[in-house]
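**Q** Residue strings, one per chain:
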Amino acid sequence: MALSPPVKRLKSRPITFTFELPTQKLREFWDGLEKGKVYASKCKKCGDLSFPPTADCSHCLNHEMEWVDIQGEGEIETFTQIVIRPASFQNHPTYTVAVAKMNAGVKVLAWLTTAKLGDVKVGAKVKLGAVKSEDGPSYGFTLVSSNSDQPPLK
Amino acid sequence: MRKVAIVGVGHSKFGDRRDVNLPELAFEAAKPAFEDANLATKDIDFLSVGTAGGWYEETLPAVVISEYLGLSGKGLMRCEAACASGSAAIATAHDTIASGQNDVAMAVGIEKMTEIDTPTAVELIGRAGYYTWEFHNFGVTFPGYYALHATAHMKRYGTKEEQLAKVAVKNHKYGSMNPNAHLQRIIKIEDVLSSRMVAWPLKLYDCCPMSDGAAAVILASEEKAKSITDSPIWIEAIGVSSDTANVSKRSGYTGLQATVTASQKAFKKANVEPDEFDIADVHDCFTIAELLAYEDLGFCKKGEAGRMIDEGQTEIGGKVPVNVDGGLKAKGHPIGATGTSMVVGLTRQLRKEGGNMQAPIKNGLALAHNVGGTGHYCYVTVLRS
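Here the protein sequences line up with chains A and B, keeping their order. Position 113 (the first sequence) corresponds to 112 in numbering that gives the first Met the number 0; numbering is contiguous. Position 124 (the second sequence) corresponds to 123 in numbering that gives the first Met the number 0; numbering is contiguous.
Everything labelled a hint here was simulated from the structure, so no lab data went into it. Some hints could be false.
[Said to hold, decoys possible] The calculated lysine-lysine pairs, modelled on DSS-like cross-linking and capped at a C-alpha distance of 27 Å, are:
#1 A:106 to B:301
#2 A:36 to A:106
#3 B:248 to B:225
#4 A:7 to A:24
#5 A:106 to B:248
#6 B:12 to A:124
#7 B:318 to B:225
#8 B:301 to A:36
#9 B:318 to A:115
#10 B:248 to A:126
#11 B:154 to B:300
#12 B:361 to B:351
#13 A:34 to A:106
#14 B:248 to B:154
#15 B:187 to B:264
#16 A:126 to B:318
#17 A:34 to B:187
#18 A:124 to B:361
#19 B:187 to B:159
#20 B:248 to A:43
#21 B:248 to B:264
#22 B:248 to B:172
#23 B:154 to A:41
#24 A:7 to B:300
#25 A:100 to A:126
#26 B:301 to B:12
#27 B:159 to A:115
#28 B:12 to A:10
#29 B:30 to A:7
#30 B:172 to B:159
[Claimed, not checked] To give a feel for the contact side, a few chain B residues facing chain A, derived at Cβ under 7 Å:
#31 132
#32 140
#33 196
#34 240
#35 244
#36 311
#37 354
All figures in this text were calculated on a predicted structure; none of them were measured in a lab. Cβ coordinates follow ideal geometry from the N, Cα and C atoms, glycine included.
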């Protein structure tokens, strides 16, 4: 957007970052996605279940973990549809983000696909599964049924 | 711990400020603060600069600003607490005086958000959560995070889009009276409801603008303050809290736990109740955020914020006037400047220098509520005249 009246400015030297995220300590999780599993971490000492998974236990500071597949059903706790998208998502169509409480006992934030916004409701049942996308391994929800009393969204 | 007072305040014009660079913008806030306190640069022991950064060219903004303000050689720290960076700068300046380390300190809050394009700014703010788990694959935006809370609050308590819109209408009304506000246009409920969707159910007019701006506060020990001014404003308490980076690890979405915890800490230290405040600035980056704040701060019971805005209880003349400077929504939200700007505005209110935005001051108590991210940080500051 042009300023009125126009003001003089100097263009900076450009800078571009691409970070390389270490995934080594959570390789079971990332490898699991490739094999169709969605693992939460479970502390072998205190039993704390964490999703997203962690390599170290934030409850008892232990670092020995086991892996629990949390795929299956959950219930939508809240959701939104993101219309104005960030620079790196400009090529994606609008997407629906939901947070669901899984039957396994943890909450998951992920995209909800295969549903029109009008069919999505708080309280609706969703299924979590591993997803392969062009951006790499991921996970997402699909709608199972809508059994909420909330009227359809506009 | 020593008592700490605010002895000088200054504020730049908020808005699209591509007419000035970062230190020039800081200067616009710092100079009037020096003049307000009748102090010179030699009187300042320590400078804290609150800024999130990343959207402007300088990597060491505090150093650049310190040099420009003639404060090189003084104690210096950059403070980052996302959108609460300005409050973090005040808390740091406060603590350094309260501890006896310094006698007079300046806190500058500043941000320049318009030097980059909007999708990149949306990207940077969207990453202000947990990049790996919530942004990398799912591209959650800042409006998106608050939309998750709006959806949950509307479902649980029946809060209406019209009630969200009323927050925008109120704050635009007061913004139109504030010469430093970014948006100075009075709007109607229909304008909000018909504006373009950003993140369902939040629309464009439910969102604060991307702004540039700076605000500055000079703080002093009790002994120094009494020699500087006849009308010191005392920092009674600063309550600080935080929450998980992953929003999915929170217990619920109908409020911000960090606000509840930070305010309870602050109220306990200041020995005040939420109904004693004459005026409050709350963190209305989105309309839903202001309604959540009413409830989380204890201005009303859980689930009654919609009724509170319906009844006009947060207008001047109501139970507790909220954001009568226009709030983040209309005044603008230059991330790091916001917390400092709140304290500047509330200091003027407690001094009864609020002009046509002046709220009635009975108990001499004001509250600044500044959230970083989506309840990732929260600073609640209690001021007393």
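**Q** Straight-line Cα separation of residue 248 of chain B and residue 225 of chain B no greater than 27 Å?
**A** 47 Å, violated
**Q** Check whether the Cα positions of residue 12 of chain B and residue 124 of chain A lie no farther apart than 27 Å.
**A** 49 Å, violated
**Q** Assess, step by step, whether the Cα of residue 159 of chain B is no farther than 27 Å from the Cα of residue 115 of chain A, and give holds or violated.
**A** 22 Å, holds
**Q** Verify the proposed pairing of residue 301 of chain B with residue 12 of chain B, using a straight-line Cα cut of 27 Å.
**A** 36 Å, violated
**Q** Going straight from one Cα to the other, do residue 318 of chain B and residue 225 of chain B come out at no more than 27 Å?
**A** Roughly 32 Å separates the two Cα atoms, so the pair is violated.
**Q** CA of residue 106 of chain A to CA of residue 248 of chain B, is that 27 Å or under?
**A** Roughly 7 Å between the alpha carbons, so the hint for residue 106 of chain A and residue 248 of chain B holds.
**Q** Hint check: residue 154 of chain B vs residue 41 of chain A, CA-CA at most 27 Å. Holds or violated?
**A** With Cα atoms ~32 Å apart, residue 154 of chain B and residue 41 of chain A exceed 27 Å; violated.
**Q** Within a Cα-Cα threshold of 27 Å, do residue 301 of chain B and residue 36 of chain A meet the stated pairing?
**A** 39 Å, violated
**Q** Taking 7 Å as the limit, does the beta-carbon of residue 140 of chain B come near enough to a beta-carbon in chain A?
**A** 6 Å, holds
**Q** Under the criterion that the straight-line Cα-Cα distance not exceed 27 Å, is the pair residue 318 of chain B, residue 115 of chain A satisfied?
**A** 42 Å, violated
**Q** Using 7 Å as the Cβ threshold, decide whether residue 240 of chain B counts as touching chain A.
**A** 17 Å, violated
**Q** Can you confirm whether the C-alpha distance between residue 34 of chain A and residue 106 of chain A stays at or below 27 Å?
**A** Roughly 21 Å between the alpha carbons, so the hint for residue 34 of chain A and residue 106 of chain A holds.
In this structure, the hints that do not hold are numbers 3, 4, 6, 7, 8, 9, 15, 16, 17, 18, 22, 23, 24, 26, 34, 35, 36 and 37, in rising order.
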